[in-house]
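A.B. asks: Please take these sequences and the hints and turn them into a complete structure.
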Amino acid sequence: MTARLSCENLTLSYGKVTVLKDVSLTLPEGKITVIVGPNACGKSSLLRCLCRLQSPSQGQVNLNDAPIHKLNTRDVARQVALLPQKTNAPEGMRVRDLVIRGRTPHQSPLRQWSLADQTIVDDAIDRVGLTARAEQLLSDLSGGQMQRAWIAMVLAQDTPILLLDEPTTFLDLLHQRDILQLVRDLQRDKGLTVAMVLHDINLAARFADQIVALKQQKIVAAGAPIEVVTQPNISEIYGLDCAVIPDPHYGHPHIIMK
Amino acid sequence: MTQKLPVILGVMALALVTAVLSLRLGVRPIGFVTIFEAFTTFDSTSADHLTVRQLRVPRAVAALIGGGSLGLAGALMQVLSRNPLADPGLLGVNGGAALGVVIAIWGLGMTTQGALVIPALIGAALAATLVLLLGGTVQKNGPDPTRLILAGAAVGTLFLAFTWAILILSRESLDVYRFWVLGGFTGIELKDLLSLMPLYIIAVPLALISAVMLEPLTLGDDAARALGVRVGLTRVVAIIAIVLLCGTTVSMAGPIAFIGLLVPHLVRPILGAGVKQLAIGSLIFGAMLAVVADTLGRVILPGQEIEAGAMMALIGGPTLVLLARKRREVAL
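Chains as they are written, first to last, in the numbering used here: chain L, 1 to 258; chain Z, 1 to 332.
FYI, nobody ran anything at the bench for these hints, they're computed from the structure.
Each hint should be verified, as a subset may be incorrect.
[What the hints assert, rightly or not] A short, non-exhaustive set of chain L residues, derived as facing chain Z with CB atoms under 7 Å: (1) Cys51; (2) Ala66; (3) Arg74; (4) Ala77; (5) Leu82; (6) Pro105; (7) His106.
[Stated by the list, open to error] Cβ pair distances, simulated, as ranges: (8) Z:Arg24 x L:Leu137: 43 to 51 Å; (9) Z:Arg147 x L:Asp189: 54 to 62 Å; (10) L:Asp185 x Z:Pro205: 41 to 49 Å; (11) Z:Asn83 x L:Leu137: 18 to 26 Å; (12) L:Asn62 x Z:Arg147: 28 to 36 Å; (13) Z:Leu322 x L:Ser57: 50 to 58 Å; (14) L:Arg188 x Z:Gly317: 32 to 40 Å; (15) Z:Ile209 x L:Val17: 53 to 61 Å; (16) Z:Thr129 x L:Glu135: 44 to 52 Å; (17) L:Gln112 x Z:Ser170: 51 to 59 Å; (18) L:Val17 x Z:Leu233: 22 to 30 Å; (19) L:Glu135 x Z:Ile168: 54 to 62 Å.
From the three backbone atoms N, C-alpha and C, an ideal C-beta is built for every residue, glycine too.
C.D. replies: Here it is in structure tokens:
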């Protein structure tokens, strides 16, 4: 189950403010792409364009070589799932209720809830390790568990492509690692194509197959972590003086700020 | 679900029993035997039989349908606006209906409750259309709930200002209007009920469909869009359902306060957060509350009747205060 998501010459502006300028990008199938860059470089907007939450001003996004903004919204939702940056669930909602919502694009008045849906929901909850908490209220979960519940929701959507917008923002160090490891494990097991926005370059270098670096609305570097996370690149993108060393565990590039 | 079902069935039973009891009560007390005979062996010369069939049954049915509609509309309104204090009256329908009524009293000399149904409906429809257009319903991304409520408040106030201008000009209008504005189910005749029935037959199923459609929107607009939901379309359907339910009810019974605001708060702790459950629960609770208010109003003061709208305000105010003190979710 693979699907190809790419964009060509994407330009996005709100009025006179340009957010993205002439961005072309292909998500490698069955790999993790991490989008990095300073604040307001357009990385979240790029992700929003990729899942047609935002219509570009120029250029287009292609899903399996068809322009995504012309496809049926439900068909797109069966191919591309998104975990938004800010999530809010209504009070009184339980973990299972949230995960069930992931089946929305597969439901219709003619196709009701089935045993297969039930199995997919149970599996998704199991994969994120929340089976014992499936009937708990979301408001009773910790930040890390809450994020796992949302990941289970997008897993239940059962799409070949998964987009995550800053999935580690409100988590402590340990949970940041756990969530990204979970994404990596899921990606390997299911052969998913993943794109996510991250702020932490070191985490990006560790969990990405491809890093795309944006600066001032444009892609300035793209490639394997070892090619992108270099001292001159970091200096250009962030204006930050640093040293890059191989991390002692796995040898991924690791930046040390001056 | 197993422990919720008895509560729902209990509320339904309470609504129906009260509705049946209410057939007995009124200025003219009528026994159950006579009520039963009014259906089995109807005698068109019997004043009692006529009262039961022409007035009391329509009144009880109107309370059940009207109360249920307001409860259902309130539930949709709170989900749509993500605001637990939202009331369907915020969409300006009540102001429109009031203006329609006052113009009919002042300009056309209509005074009976039954005659005011159509003018109120026209006024409500006009106000609702204006609110929908100003609220951005025709925009590409669909209506924005905040903008919609602002438009509703503005249009509602404007229509009320016109209403008061006319009332200041004409004292007779004020006498009829102040009775109408309390809201109640007295004076609703079988033919009024029947003429409004087609609107309810469209509005109630539409509202229930809309509840199912609104479910994913509770996760936020982005998450809902990513799940393939057409957010704008969903909002438009919900608003049309709310306006139909409220507009029809306010035309029939006047602006009855508190049901739309209060009922979802009573239902939520019992049935949980699901929009479907909330909608169905609010329909049933609203019907129960309205028929209880209407019946209590007939027995609480001997020899006098208190309108359901006033009864509802008497019950609703303290209940809301209690709920706000007890449960933090109401207090925001």
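A.B. asks: Each hint needs a verdict: does it hold in this structure or not?
C.D. replies: Here's how the hints hold up against the structure:
| no. | hint | in the structure |
| --- | --- | --- |
| 1 | Cys51 | holds, 6 Å |
| 2 | Ala66 | violated, 16 Å |
| 3 | Arg74 | holds, 4 Å |
| 4 | Ala77 | holds, 3 Å |
| 5 | Leu82 | holds, 4 Å |
| 6 | Pro105 | holds, 4 Å |
| 7 | His106 | violated, 9 Å |
| 8 | Z:Arg24 x L:Leu137: 43 to 51 Å | holds, 46 Å |
| 9 | Z:Arg147 x L:Asp189: 54 to 62 Å | violated, 45 Å |
| 10 | L:Asp185 x Z:Pro205: 41 to 49 Å | holds, 46 Å |
| 11 | Z:Asn83 x L:Leu137: 18 to 26 Å | holds, 21 Å |
| 12 | L:Asn62 x Z:Arg147: 28 to 36 Å | holds, 34 Å |
| 13 | Z:Leu322 x L:Ser57: 50 to 58 Å | holds, 53 Å |
| 14 | L:Arg188 x Z:Gly317: 32 to 40 Å | violated, 60 Å |
| 15 | Z:Ile209 x L:Val17: 53 to 61 Å | violated, 40 Å |
| 16 | Z:Thr129 x L:Glu135: 44 to 52 Å | holds, 45 Å |
| 17 | L:Gln112 x Z:Ser170: 51 to 59 Å | holds, 57 Å |
| 18 | L:Val17 x Z:Leu233: 22 to 30 Å | holds, 29 Å |
| 19 | L:Glu135 x Z:Ile168: 54 to 62 Å | holds, 60 Å |
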